[in-house]
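J.: I would like the entire structure built from these sequences, with the hints used as guidance.
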Amino acid sequence: MNVGEAALRVEELSISFGSQKVLSDVTFRVERRSITAIVGPSGQGKSTLLRTFNRMNEHLPGFRMAGRVFLDGEDIYQMRDVVSLRRRVGMVFQRPSPFPMSVFDNVAFGPRLNGVRDPVALHRVVEESLRRAALWDEVDGKLADSAVNLSGGQQQRLCIARALAVEPELLLLDEPASALDPASTLRIEDLCQRLKERYTLVMVTHNLQQAARISDHTAVLLGGRLVEFGETSQVFTAPLDPRTEAYLTGRRD
Amino acid sequence: MQRTRWTRLFWDRLGWILALAAMALSLIPLLDILVLVGSRGIRAMSWSVFTQVTSGVSGGLANAIWGTLLIVLVAMLIAAPLGIFGGVYLIEFSPWRLADALRRGSDILTGVPSIVLGYVGYVTMVVWWGWGFSLLAAGITLTMLMLPYILRATELALGKVPSDLRQASLALGAGRAATIWRISLRSAAPGILTGIILALSIAMGETAPLLYTAGWSNYLPTAHLTHAPVGYLTYVVWTYINEPFASAHALAYAAAFLLIFMILAFNVLARWGLERLDPHARGARR
Chain G
1 MNVGEAALRV EELSISFGSQ KVLSDVTFRV ERRSITAIVG PSGQGKSTLL
51 RTFNRMNEHL PGFRMAGRVF LDGEDIYQMR DVVSLRRRVG MVFQRPSPFP
101 MSVFDNVAFG PRLNGVRDPV ALHRVVEESL RRAALWDEVD GKLADSAVNL
151 SGGQQQRLCI ARALAVEPEL LLLDEPASAL DPASTLRIED LCQRLKERYT
201 LVMVTHNLQQ AARISDHTAV LLGGRLVEFG ETSQVFTAPL DPRTEAYLTG
251 RRD
Chain P
1 MQRTRWTRLF WDRLGWILAL AAMALSLIPL LDILVLVGSR GIRAMSWSVF
51 TQVTSGVSGG LANAIWGTLL IVLVAMLIAA PLGIFGGVYL IEFSPWRLAD
101 ALRRGSDILT GVPSIVLGYV GYVTMVVWWG WGFSLLAAGI TLTMLMLPYI
151 LRATELALGK VPSDLRQASL ALGAGRAATI WRISLRSAAP GILTGIILAL
201 SIAMGETAPL LYTAGWSNYL PTAHLTHAPV GYLTYVVWTY INEPFASAHA
251 LAYAAAFLLI FMILAFNVLA RWGLERLDPH ARGARR
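Residue numbers (my numbering), protein chains in the order written: chain G, 1 to 253; chain P, 1 to 286.
Just to be clear, a hint being listed does not mean it is correct.
[Claimed, not checked] Residues from chain G that keep clear of chain P, each with C-beta distances beyond 12 Å, as calculated:
#: 1; residue: 14
#: 2; residue: 42
#: 3; residue: 63
#: 4; residue: 124
#: 5; residue: 132
#: 6; residue: 234
#: 7; residue: 249
[Said to hold, decoys possible] FRET-style restraints, in silico, Cβ to Cβ:
#: 8; chain 1: P; residue 1: 116; chain 2: G; residue 2: 121; range: 55 to 61 Å
#: 9; chain 1: G; residue 1: 250; chain 2: P; residue 2: 276; range: 54 to 60 Å
#: 10; chain 1: G; residue 1: 186; chain 2: P; residue 2: 85; range: 45 to 51 Å
#: 11; chain 1: P; residue 1: 105; chain 2: G; residue 2: 121; range: 46 to 52 Å
#: 12; chain 1: P; residue 1: 89; chain 2: G; residue 2: 11; range: 39 to 45 Å
#: 13; chain 1: P; residue 1: 77; chain 2: G; residue 2: 5; range: 24 to 30 Å
What the hints contain is simulated information worked out from the structure, not anything from laboratory work. Beta carbons are placed, not taken as given, at the ideal position from N, Cα and C, and that holds for glycine.
T.: So this is what it looks like as structure tokens:
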């Protein structure tokens with residue numbers, strides 16, 4: 001780990017799919033052990049930006065990009081091995097996506113891919129990850145049960161545990177609570193606060209209150225451009241760009 | 001006002017009656033088959049059916065039971081891997097145009113009358129390649145029959161696997177192969193299995209393609225893949241029902257009963273086996 005280097009650095013990033021430009025000239029940096037929220041209306045490139053950080057856009061047709069993204073000082077688009085990048089960058093999706101297997105096997109999926117076979121070591125990783133995802137108490141003794149039978153909120157925390165099990169540096173969350181009820185949403189938010197003691201989190205959300213509640217930094221994406229980036233309190237109370245204020249107050253111009 | 005209410009009631013009732021009548025009409029033949037074949041088949045059942053081979057128009061069905069099982073086993077061993085890998089290829093790898101061509105080809109294969117497939121098998125394998133009536137010729141002919149069903153079922157089941165699951169797997173650092181193998185195929189397993197059972201049931205009930213390729217034998221099947229004709233149950237049903245002897249009729253009904261029973265048993269066993277092997281697949285089906 002490079003001391004003083006940002007966890008994530010995005011420089012003049014532009015992305016288009018075919019002839020459609022999705023992101024233009026986005027530049028910002030994410031500090032270690034912080035939560036950065038990416039907010040903005042639907043269809044403005046939030047998810048695309050997030051998926052740039054683990055190179056998930058490459059699977060989509062017509063993808064083209066310019067600019068650079070550095071993970072801990074290393075240009076991720078120069079990395080030869082996408083797989084090892086994805087083991088450093090975990091991702092949680094909008095809809096809970098437990099695999100149709102047991103709770104244990106879900107969490108052990110990543111470590112097993114990495115070649116961990118020893119049952120004792122696997123069990124330790126699974127328990128540790130479930131504890132960090134604040135799910136252990138609810139599934140202790142039920143590790144062999146099907147993950148599909150958990151509640152939506154539990155499934156989402158399971159997906160977080162599954163992402164944590166490969167020991168990522170960076171955790172990407174794509175609207176992780178938007179498919180959940182208010183109580184489960186609060187649990188996920190609490191969990192994020194605790195996770196930032198160990199991990200760097202980048203979260204896409206269209207829930208402005210959520211961004212204001214839990215994030216340290218906020219990035220506002222409008223029309224594929226980063227119109228505002230700064231400390232969350234500053235972005236919400238004294239935005240520099242008039243477009244940000246219009247968006248935050250729900251005004252249309 | 002009053003009139004519209006009565007009119008509505010009339011049409012409502014009429015719809016109900018028509019639907020019920022249609023259901024009864026479609027169920028009657030099924031019940032008729034089950035009762036007729038069931039009652040006569042069970043009466044014809046005895047140990048000798050399982051232990052003896054057919055001789056003339058009497059004896060048992062041991063040769064035909066084993067023959068049917070072996071032919072279907074050979075067909076499934078070829079058709080299942082081909083169909084599953086073909087389905088994976090269609091969904092995951094093939095360029096759009098090629099996939100479309102393959103799909104069309106497979107659809108056409110479903111529409112080819114089975115007796116034509118039998119004739120093709122006869123001309124190529126039995127005569128041209130000189131295998132004679134044989135287990136392998138029969139198995140490969142049934143493979144042609146089963147393949148489109150398994151291919152389509154695999155394709156459909158894979159297509160229904162939520163893309164979220166694939167994305168989640170890729171995001172965890174799984175490669176494409178690991179994602180297909182551990183996530184997609186696993187989620188699709190119940191659907192694929194249903195396709196295999198359907199194909200198996202259809203193949204097991206076929207007569208025409210086997211007449212051309214398996215021939216018929218009064219003896220228990222041997223270990224020879226070629227140059228040895230094989231007996232099978234549908235032959236008994238087809239041939240012996242036309243014989244003017246009671247013993248032949250009894251064997252025909254016993255064979256028909258066994259066929260229905262075996263197909264049913266395959267269905268139940270396969271489902272039970274799947275839930276035993278992979279209890280989580282049940283949740284995934286919801």
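J.: Compute the least Cβ-Cβ separation between residue 249 of chain G and chain P, then decide whether it is above 12 Å.
T.: Given that every Cβ of chain P is farther than 12 Å from that of residue 249 of chain G, nearest at about 34 Å, it holds.
J.: Given the hint of 46 to 52 Å, check if residue 105 of chain P and residue 121 of chain G actually sit that far apart at their C-beta atoms.
T.: Roughly 49 Å apart at Cβ, these two residues keep to the hinted range, so it holds.
J.: A range of 55 to 61 Å was offered for this pair. Does it hold for the Cβ distance of residue 116 of chain P and residue 121 of chain G?
T.: Hint holds: Cβ distance 59 Å, inside 55 to 61 Å.
J.: Given a hint of 54 to 60 Å, does the C-beta separation of residue 250 of chain G and residue 276 of chain P actually sit inside it?
T.: Roughly 56 Å apart at Cβ, these two residues keep to the hinted range, so it holds.
J.: Minimum C-beta separation from residue 234 of chain G to chain P exceeding 12 Å: can you confirm that?
T.: 32 Å, holds
J.: Once the closest CB in chain P is found, is it more than 12 Å from residue 132 of chain G?
T.: For residue 132 of chain G, whose nearest Cβ neighbour in chain P is about 16 Å away, the distance exceeds 12 Å, so it holds.
J.: Take a quick look at residue 14 of chain G and tell me if its Cβ sits farther than 12 Å from every Cβ on chain P, holds or violated.
T.: 23 Å, holds
J.: May I ask you to test the hint 39 to 45 Å on the CB atoms belonging to residue 89 of chain P and residue 11 of chain G?
T.: 40 Å, holds
J.: For residue 42 of chain G, is the shortest CB-to-CB distance to chain P above 12 Å, so the non-interface label stands?
T.: Residue 42 of chain G is indeed farther than 12 Å from all Cβ atoms of chain P, at 18 Å.
J.: Over 12 Å from every CB of chain P: does residue 63 of chain G meet that, or does the non-interface label fail?
T.: About 15 Å separates residue 63 of chain G from the closest Cβ of chain P, which puts it past 12 Å; holds.
J.: Is it true that residue 186 of chain G and residue 85 of chain P lie within 45 to 51 Å of each other by Cβ?
T.: Distance hint for residue 186 of chain G, residue 85 of chain P holds at roughly 47 Å.
J.: Taking C-beta pairs only, is residue 124 of chain G more than 12 Å away from all of chain P?
T.: Holds: least Cβ distance 19 Å, greater than 12 Å.
The structure does not agree with numbered hint 13 stated previously, though it agrees with all others.
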